[in-house]
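Enquirer: The primary structure of each chain is shown beneath.
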Amino acid sequence: MNTLFDLTLSAPLSETAIQILLFFTFELHLIFVLMMIGTAVLAMYYFGRAWWGGDERTAELRWDKTILRKFLPLKALAVILGVGPLLLIQVFYTVPFLTATSLHAPYWLMIIVFLILSLLAFDALGQKMDVHPYYHLVLGLAALVLLLAIPGVFVGIVVTAENPDHWIRLAGRGGEFFGILSIHWLMRYFHVFGAAIVFGAVFQYLFSGKDHPEKARKLFYWIIAGLCFQIVGGFALYLSVPRGVSAPAIAVLFVGISAALVLMWIVFASAMKQKVTSGIAVAVVLMFVITPMLLTRQILQNETFVPMNKQLKENARLYGEKIDKFRQVSLERYSKHLNSPMGAGPEIYSNSCAFCHGKSGTGKGAGAEELETPPENLTAIRVDPDYLREILLRGVPGAGMPYFRFYTRPQLDGLTSYINTHFQTAGAIQKTQHPKDRAISSAATVQWEHTCAVCHGLDGKRSELGLKFKPEPPDFTRYSLLHEYALKIITDGYPRTMMRSFVQLPPEVRSELASIVLDKRQQPNSK
Amino acid sequence: MEFPLFQVPYLGNGMTIALDAVLHVIISHGIAIGGVFLIALAEWNGFRKNDPQWENFAKTMIKPTIIIITAVGAITGVGIWFITTALAPRAIGSMLRIFFWPWFMEWLVFTAEVIVILIYYFTWDSWTTPRQKRRHIALGFFYTVLASMSAFLITGILGFMLTSDGWPWDGSFWSAFFNPSFWPQLFLRVSLGMVLGVLYVFVFLFYKSFPESFRREATRLYGTIGIIALGGWFLSAIWYFAVVPSSFTSFAVYSVLTGHLSQYYSYFWILNGIALLVLLALFFSASFRKASLTRSLLIPAIVVAIVFVAQFERIREFIRGPYLLPGYMYVNQKLLPEAPMLQKHGAFVWEFWHAKTAPDAKPVDDGAYLFGQNCAQCHTIGGINDIRARLEGRPRDAINVLVNHAPEMVPFMPPFAGDEHDRLLIVEFLDLLINHKLEQAPTFYTGIAVRSTKQ
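Read top to bottom, the protein sequences are chains P and X.
Numbers given in the numbering used here equal positions in the first sequence, counted from 1, plus 1288.
Numbers given in the numbering used here equal positions in the second sequence, counted from 1, plus 86.
It cannot be assumed that every hint is accurate.
Derived DSS-like pairs: lysine-lysine, alpha-carbon spacing no greater than 30 angstroms straight-line [as the list claims (entries may be wrong)]:
{"#": "1", "chain 1": "X", "residue 1": "K219", "chain 2": "P", "residue 2": "K1353"}
{"#": "2", "chain 1": "X", "residue 1": "K523", "chain 2": "P", "residue 2": "K1358"}
{"#": "3", "chain 1": "P", "residue 1": "K1758", "chain 2": "X", "residue 2": "K523"}
Just so you know, these hints were derived from the structure itself, not from any lab.
Using the sequences and the hints given, assemble the complete structure.
Expert: As structure tokens, then:
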């Protein structure tokens, strides 16, 4: 793990302070999450009983409505209380946690969708949205499935974070669990589910059941069933811990199990005697169950995270020293970037064009050497402004000239204006150098018609074949070259294009061909 | 250190965050700040004038408001964080360390907000004596104070992401938090919240049954608030863009128009002007009690307001390119000094995931991985901002120059972080990719699953 390291920025608090804060904020968050999930499960259960349970009394009571009405505040607090521990986890367990979320990214992102849909559905049903029972059932069950999926994802993230030995294999499998991790994840998920039943039932007992003996008794059964499930499932969870459970963790676990048994005894005795027990007493004992359970988890996590974090921080320190050598130069570049107006014509040319076309526009910039097709010599061409804009907007496919659509029209106007001012690219079209009183020789005309026009087209607008080339030849009616430059290209060709050298032609024919090309140029009919 | 790669298929990372963030801004600003303030104002009017119509109007709005705030607003807010956790882990991890305390305070304020709004909602019918009613109304206003405090804390962080001021040099927390765009952005967000809030209450006013006389009275009050808020929003928007460095604002209009419409520059201003006029017309017609005209303008005004929100967030997010955290981190999550270091020593020297998970990778897979590391934060393959469309028609030598000179040529692109050998690897990959010579296009999905050749 030498190339894996913590962030180079230091953490804002000591590890101990963060751990203590994290422990209590997470416990608070978890309690509300468990009460919320338990409430949703109970609400759907009693909804089913009310409509299809054959129990007239339950149907009459529509207890599920009372239960679900509490969902709104529970979910609001559960969500909001999660922000604190999420912050602390990401600050303290930065690498393990963020690695785990990256490895399970699609599921992690789906939490947002699942949460919005399930919370909206339960809120709507809970806040007196009366719909047909079948719609209620479908909507409620869908919301419940989505809600129950969320702890599954969180548990998966934590299981992955806690087991760095398996990261590489997990990454290779696209984040899918395997073997012992699958079993551990499943056992842990069941444990959360069981806890949600217990907490949901205790919450409902406190807020909607304790003054109603019939409801209280039913909730006691839920609590007992939940605790039994937790004890059996907890044993399986214990066996499934990939790295095993250390002695300190076992000692703390024992305290939690003892408190769970006490709670079970209190609730069982109350249920048998049909007595109403103090809800506060039940809640207090429950806190003695969950706190040691979370402490056990904390001890196990620390056994992995503390030495790992130490190593990651040391790696980060060494890496920080290496990059510090480049800090000054990078800040100077940043400062330069920050103070450059990027949208003005001279800056656009300087930034985006000069490294190929050169500051002087002759096509000899630093990047030109790396290009097989040489950049255009801007000082040696005369281009219709619209044609130049077209080239800027779509580039020259097949050559190095990219498109510049990321500049707006006024910015490109500034650029073309700069180019025209400095290189006369839109300057006066050079007149043909062929004497007007002497006709172009038939040799040149034949050459143009039978060879050049195959690609350039008789009218200079390019043939169908020419338009298929990449890069395609220029449109001579809108683009012309200075005579000398045209002659040079006819003589030498244009590298890595279909324009080959015609050096074998007599010099006067080549010169006449350059004149033919110039004659094709028309005056621009627009700006 | 590099976290495992992940990219949202087709949408890409930026659009995924944007979709969530725009929804969150509309709710958090428009309903949490603006909406609840105007609801409390309605309740106060009812109490002050002893008018049950105002009380009834306020009560009609509170239930959907609390459901939207707690079920969608809160989740989409946390959602922005969730998404960045998966898509930009190094950036979010760094931000949390720089702004730990504001973030922590934000959590406390956020929790207080939720508790206050829950009490406000659940005590509506039970606090009935004049004293209790006063307390209840004060609670409603107190909620908007808390929501504004939340905006205060978040604005410091958001502002830093564009105008980090002296922090890159001196690491000072205060210059990072109270950065140059802090105050204008705070005023902009709060006034935007009021504008959206007025639109929100108008929806109830015009689509629920209320007596016409009450409707006219209410439109007058809210219309006047709308005019003031719109004025505040407009002025703070001008102030905001005045303090952002011109190197960033150069690409503000482009960020909205994109390459498809970048040449229709004047339309940008004309359409925005018309949009502003729609909002002005709505609020003025409301303040002159023209209820029917206000109603007919409401839907266009809501659409316009949503477009304004999306546009502003898009500009703010885009123009800071090539930086994710200006002065500290590039958009591809490379630290600023890392780029020259990796250009000197090579991209794979400190690389963990690719080396461990694909020791048998072919050169083209290495190139694909480098693409993932350097480019996939913005460019997809086959989706939004498709790299194949960007490089279409470019020969290999041109790609090489483009990769080598990206920051000069496109000022919002970061430098390639790798040495010459790495650059040739990515060029090889890109050349094969755009010319459809790969056996399969690579994916950037959970970890290292970057394969462009069948193994």
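Enquirer: Hint by hint, note whether the structure agrees.
Expert: Hints, one by one, checked against the model:
1. Proposed proximity of K219 (chain X) and K1353 (chain P) is supported: the alpha carbons are some 28 angstroms apart, at most 30 angstroms.
2. For the given pair, K523 (chain X) sits about 59 angstroms from K1358 (chain P) by alpha-carbon distance, which is inconsistent with the 30 angstroms threshold.
3. Between K1758 (chain P) and K523 (chain X), the direct Cα distance comes to roughly 18 angstroms. Compliance with the 30 angstroms bound is thereby established for this hinted pair.
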